[in-house]
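Respectively, the protein sequence lines represent chains A, B, C, D and E.
For the first sequence, our numbering gives the first residue as 1, with consecutive numbering after it.
For the second sequence, our numbering gives the first residue as 1, with consecutive numbering after it.
For the third sequence, our numbering gives the first residue as 1, with consecutive numbering after it.
For the fourth sequence, our numbering gives the first residue as 1, with consecutive numbering after it.
For the fifth sequence, our numbering gives the first residue as 1, with consecutive numbering after it.
I should point out that these hints are in silico values taken from the structure, not numbers from a laboratory.
Treat each hint with caution, since some may be false.
Listed below are the simulated EDC-like cross-link pairs for lysine to aspartate or glutamate, each with C-alpha atoms no more than 20 Å apart in a straight line [said to hold, decoys possible]:
#: 1; chain 1: B; residue 1: K169; chain 2: A; residue 2: E208
#: 2; chain 1: E; residue 1: K127; chain 2: C; residue 2: E195
#: 3; chain 1: B; residue 1: K169; chain 2: A; residue 2: D234
#: 4; chain 1: E; residue 1: K9; chain 2: E; residue 2: E24
#: 5; chain 1: A; residue 1: K169; chain 2: B; residue 2: D233
#: 6; chain 1: A; residue 1: K266; chain 2: B; residue 2: D309
#: 7; chain 1: E; residue 1: K121; chain 2: E; residue 2: D109
#: 8; chain 1: B; residue 1: K102; chain 2: C; residue 2: E195
#: 9; chain 1: E; residue 1: K121; chain 2: C; residue 2: E195
#: 10; chain 1: D; residue 1: K148; chain 2: A; residue 2: E208
Negatives, chain C to chain B, calculated, CB over 10 Å [as the list claims (entries may be wrong)]:
#: 11; residue: P74
#: 12; residue: A128
#: 13; residue: S141
#: 14; residue: V207
Each residue gets a CB set at the ideal place from its N, CA and C atoms; glycine is no exception.
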Amino acid sequence: MTGIHARFDLGYPGFDLHVDLRLPARGITALFGPSGSGKTTLLRCIAGLEQAPDGMLRVDGVTWQEGSSFLPAYRRSLGYVFQEASLFPHLSVRHNLEYGLKRIRASERKVRLDQVVALLGLGRLIDRQDPSSLSGGERQRIAIGRALLTSPRLLLMDEPLSALDAASKQEILPYLEALHGELDIPVIYVSHSLGEVARLADHVVLLEQGRVVASGALYETLSRLDLPTAHLDDAGAVIEAAVAAQDDAYHLTRLDYSGGSLWVSKVERAIGQRVRARILARDVSIATVPPQGSSIANILAARIAEIRDESPDRVNLRLHVGGEFALMSRITRRSRDQLGLVVGMEVFAQVKSVALIA
Amino acid sequence: MTGIHARFDLGYPGFDLHVDLRLPARGITALFGPSGSGKTTLLRCIAGLEQAPDGMLRVDGVTWQEGSSFLPAYRRSLGYVFQEASLFPHLSVRHNLEYGLKRIRASERKVRLDQVVALLGLGRLIDRQDPSSLSGGERQRIAIGRALLTSPRLLLMDEPLSALDAASKQEILPYLEALHGELDIPVIYVSHSLGEVARLADHVVLLEQGRVVASGALYETLSRLDLPTAHLDDAGAVIEAAVAAQDDAYHLTRLDYSGGSLWVSKVERAIGQRVRARILARDVSIATVPPQGSSIANILAARIAEIRDESPDRVNLRLHVGGEFALMSRITRRSRDQLGLVVGMEVFAQVKSVALIA
Amino acid sequence: MESAFSSAGLSTIWLTFKLAAVVTLILLLVGTPIAWWLARSRSWWKGPVGAVVALPIVLPPTVIGFYLLVAMGPDGPLGHFTQSLGIGPLPFTFAGLVIASVFYSLPFVVQPLQNAFEMVPDRVLETAATLRASALDTFFSVALPLAKPGFLTASVLGFAHTVGEFGVVLMIGGNIPGETRVVSVQIYDHVEAMEYAAAHWLSAGMVVFAFVVLLALYTLNPTGRRK
Amino acid sequence: MESAFSSAGLSTIWLTFKLAAVVTLILLLVGTPIAWWLARSRSWWKGPVGAVVALPIVLPPTVIGFYLLVAMGPDGPLGHFTQSLGIGPLPFTFAGLVIASVFYSLPFVVQPLQNAFEMVPDRVLETAATLRASALDTFFSVALPLAKPGFLTASVLGFAHTVGEFGVVLMIGGNIPGETRVVSVQIYDHVEAMEYAAAHWLSAGMVVFAFVVLLALYTLNPTGRRK
Amino acid sequence: GQAAHAGGKISIAAAADLKFALDEIVALFNKAHPADRVETIYGSSGKFQTQIRQGAPFDLYFSADIAYPRTLRAEGFAASEVQPYAVGRIVLWSPSRDATRMALADLADPAIRRIAIANPKHAPYGKRAEEALKAAGMWEKVEAKLIYGENIAQAVQFVQTGNAQVGIVALSLALSPELAKEGGYALIPGELHQPLQQGFIITRRAAGNPLAQAFVKFMSGNEAREIMNRYGFVLPGKVE
Ligand SMILES: Nc1ncnc2c1ncn2[C@@H]1O[C@H](COP(=O)(O)OP(=O)(O)OP(=O)(O)O)[C@@H](O)[C@H]1O
Ligand SMILES: Nc1ncnc2c1ncn2[C@@H]1O[C@H](COP(=O)(O)OP(=O)(O)OP(=O)(O)O)[C@@H](O)[C@H]1O
Ligand SMILES: [Mg+2]
Ligand SMILES: [Mg+2]
């Protein structure tokens, strides 16, 4: 009975949430959907901040809500990073950070203050007295740290990174990943950014108008051409590969996966270790003859498994390598016709860029 | 004496803002910089919410602040969208929207309520009574609308879109563009997203630790390899081109510019009209021989003008076509060496994807 | 024994109501700017002014009444002033009662208003400024509505305190029927005269009336919580 | 003529201070949960309870004193109760004074607290809950500090009102030197006995003392504005 | 508890008009009984009556009239008979005009805008003032000018502060050093009103208290009577 099972029905005038979800007990679940689709409402139900009548919530076999029994929010071992950072205005930055930490048993403290301070870059901020004078990004980083410091068994994050610049994001993301890797805290993560989702998530839930449109493993969900995600600019495939070789001179690493081999920026891992990478559909071009003298290092021989219109001018392709799903590609309709691409055809996939994400 | 001239010195413990900026009187200026670099502080100074002593601010020849004279915020014809949407909690959505509208002379009203409602998708929300029950994105859309409805002479936007999903962003961006095109309101726009910046901005200001690191036209600034922006994932060139031909069957448009010709998704504009497009460095690959049978439709003969290390494994290239800057490209160091790329060499630039942005 | 509901009784009730209403109105008018200034100013004077405003509470009403009587009397500074205006001395007049009650109840109005104004976030005021609202406009269109619970409290405390107060009123008013005899004084008289039945009736009437008014206030004006 | 600073005078001042301090403490202890409930509950009872709490203000103090005296007296319901506990009747004792003052000043404490609690945003309370703070813990660690301006006001109003009040005190306390004679009653006595000099001195002392205390409160405890 | 014999203590609840006289008497008594303490509490007679019913710790009750102690006696709160100790008189008093030559009829003078009396409803002196005004046929003429003090002391204050020109007050107050230096008075003929009989009782709690008995005895002694006389109280010849 591990995993999270959530069933909520909640109506507001003009909106109702109607979900019945099973989520894995580990890893990061991305909650993805347009503005007003009920993402925040769902998180609030899970946190026990919204009391959905007849709701049901079980986390790792422990019932948090069912029928008339309702575990109050503070008894739920969860961390919540709100969409709008809500620091306690009367507490210094340090006391904000320590607020939750002090309230859990010493034996439960798996995340240390100095760890969080170092990883979220809070050193310059921790002695500030007045949180209202912090910048937007600073506030949000502190709110994240504060939630992490409760060493929760479930972490709910409502667009935690949207107020951050790319550089801060790049610094924090690895920590969130590590957190999940090391501490095994399941995370439900609301994001508008498919990039973030792909980088972080193991599981994806697509919400639309309060209903679950799709829920599944990241690899499957993001590679499905029939879902709304396929139309996003950032659509693409997420693959799991093993470190196969290192090229120290050029700072490159070769990854092997079911779909072939890819050269990526140096990965500081031992040979054989598994990593996750993301290949955007728009970064994959197709050639019918083996490309020559090109800066594109990654070229895979692939077979077209599916072609689907993405927009009036573009199509999405699913590509298989050795019978298995390997890549998604987005090209113009004209290129499809000029190259005469049809399902089943053998082609060369040129991968311009691979984003290593875990 | 058109344009904005701002000079502010403001110190907080541990931070000081020290800027002397000249911005164009029209178009969108992007304010770009890491968290805590002073973007919000600068906007607040411009808005008159922060009173920097000895500050100076002239907008289109009108002095808003200088020496001891200080125009209070409410006398400055500007719109301000705060980083955290701050709707009036006691007013309905409609009254929030109309708050500023009512306070300007009828003759100054250039933006209509129904226009804003339609363009920001507020129809379903306008009759809501309690703004605190809105979702994060809904709140932000209303805050944007409210600011627009004052038909300001200067619009300050502090990460207005960060709380919005990609789809909403895509809907709102054209409106902001149109606004700027039609109403000729200069906008200062804080953003963490280089994509947004490139799409919207004409002018870019890079801020770091309260200092202006660079300030200049979008094209120049974003194509400079020596600025921090060159290291961003989204680095690339922004070009201005003319509509040269339409391919209705495939829904494509050919753009001509000083750097050559590019095929892009259909642009609904007349032949000869000028548009702006953005080409990410990572979308541009290099070939030393003319590529064959490739889905990449856009191939330009170019000359390497500059090569600069971007990271241990990658380099950025500036490419010229016909003696003028045309493209930026990001490739691995290994590819550079394998292909023997050096400055001055003639190559083929393969452009996988072009984002049309205006 | 005078019944509470005789015509004299009715005039007393009417007078009380009129006094409390006028006093509450003046209190709100006078107290609001003071409270606003106390809440938002960073001046050094804030402390002293706040303390002075709160002072009248610590003195027993009759004593305040006495001092006011001296000050408003023909030889007092206020008396001189009003006489020079040709109004004549204020004691034993309705106007005198009003002024004395305002003075005495001011802290009960200023304090809750000050609190409420302090709780209005700077951000919404700034937002209003960027939407072209002048300070005054912002005050009326944003600060005032957001401080509504404070106004409710201030009005209730001010009104009720004026109704209930009788030390000052007795001293300044002189208990003149139809002119300065208000219900509180009347009940006091009944109790002193051991006309307990009349006192009970009048007290019960006051309590019921107050209860109904307060209930209506609280129910019709639910002072929403902050989200 | 008794001087304000004779030993009897000092005991009166000490008694006043003790009474006001004890009453303020009890008022805060009793008023806080009531105010919290009034501020946060959505119960139907909110209106009626709020109205009842506010009621004591509308009755003249002497009249409240009279009813309390009867209720607490040997034949009153409260008197029966205290006698059955073996405490004996409360009137004319310090305890009786305390109870009466608490009853009378309760609205002055509950109202500002209620306001302050209403102004605490739901969001910070929710945040505390997600950080493992129980309702009680949240109350003490978040709501209370955020409601500080309300507590300041409540304490000032409660304390000052207890010091200044004398109608109830005179009735319930019986003006017994060293036991229930507080400064307000003392000043009242002086004025009634036309011992104006003594009344002036004592009043001036009270005012100066109150001013100093209030000034210290306001200056040391700047009730920060909301950002 | 009961006052002890040696080092005993009693409290006297006394009507406010007794203030000056009683303070002197108590001072004398204390000199004669250095080990004992007598405390006086002045206030409204009606309030005292209510409080004694509710168990107030007063040993002697000197009322400003005789009806209150009689009621208490009838209800069983007294440990002694009701003893008249003085008859009060009322006077016209004014610091701003020459009251010594004034009569009730002069109150119609339009220069006199306000006349202060104690509230006839519950203050004995006010009641007598009303009776006197009615008997003199002046009531209708002056009713609109009347302002009512909570008690006789407040009526005096209205006049003292200049807010009323004339007051009908207790002779004992007019004779007090404080007022005597401010203005003169004219005695209102005693036949215009009921006598202001004032009586006292020993309360139930002081039954058998020797100090209370001693004070009562002292009260009827010559020294005390002389003081009472000086403050304008007519003394009863005998116990009722
Ligand atoms: N109390 C309420 N009363 C009425 N409608 C509500 C209430 N609370 C939420 N809603 C509506 O429910 C919908 C879902 O809100 P929610 O905050 O869950 O959206 P979201 O998916 O988090 O959106 P965003 O990405 O913009 O934050 C919105 O349309 C919102 O307006
Ligand atoms: N009143 C203040 N006292 C002290 N430091 C302050 C104050 N106001 C702002 N700062 C500091 O000044 C710096 C700049 O803040 P600002 O809000 O302008 O940053 P920003 O560029 O908008 O960042 P973000 O992208 O995170 O919103 C921050 O480090 C902030 O902590
Ligand atoms: Mg949301
Ligand atoms: Mg900012």
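Verification of the hints:
Distance restraint check for K169/B and E208/A: the Cα-Cα separation of roughly 17 Å lies within the 20 Å cut-off, and the hinted pair is therefore satisfied. The hinted pair formed by K127/E and E195/C meets the criterion: a straight-line CA distance of about 16 Å does not exceed 20 Å. Our distance criterion of 20 Å between C-alpha atoms is met by K169/B and D234/A, whose separation comes to about 14 Å. For a cut-off of 20 Å, the pair hint linking K9/E to E24/E stands: about 18 Å separates their Cα positions.
For the hint pairing K169/A with D233/B, the CA-to-CA distance comes to about 12 Å; that is within 20 Å, so the pair holds. For the hint pairing K266/A with D309/B, the CA-to-CA distance comes to about 15 Å; that is within 20 Å, so the pair holds. This hinted pair does not check out: K121/E and D109/E have alpha carbons roughly 26 Å apart, beyond 20 Å. For the proposed pair K102/B and E195/C, the alpha carbon gap of about 61 Å is over 20 Å, so the pair is violated.
Using a Cα cut-off of 20 Å, the hinted pair K121/E and E195/C holds, with the two alpha carbons roughly 10 Å apart. Proximity of K148/D to E208/A is assessed by CA-CA distance (about 43 Å); at most 20 Å being required, the pair is judged violated. No beta-carbon of chain B comes within 10 Å of the beta-carbon of P74/C; the shortest separation is about 49 Å. In this structure A128/C is not separated from chain B by more than 10 Å, as the shortest Cβ-Cβ distance comes to only about 7 Å.
At roughly 7 Å, the least C-beta separation between S141/C and chain B is not larger than 10 Å, which violates its mark as non-interface. Residue-level check passed: V207/C sits 33 Å from the nearest beta carbon of chain B, beyond 10 Å.
The structure fails to meet hints 7, 8, 10, 12, 13 from the earlier list, while all remaining hints are met.
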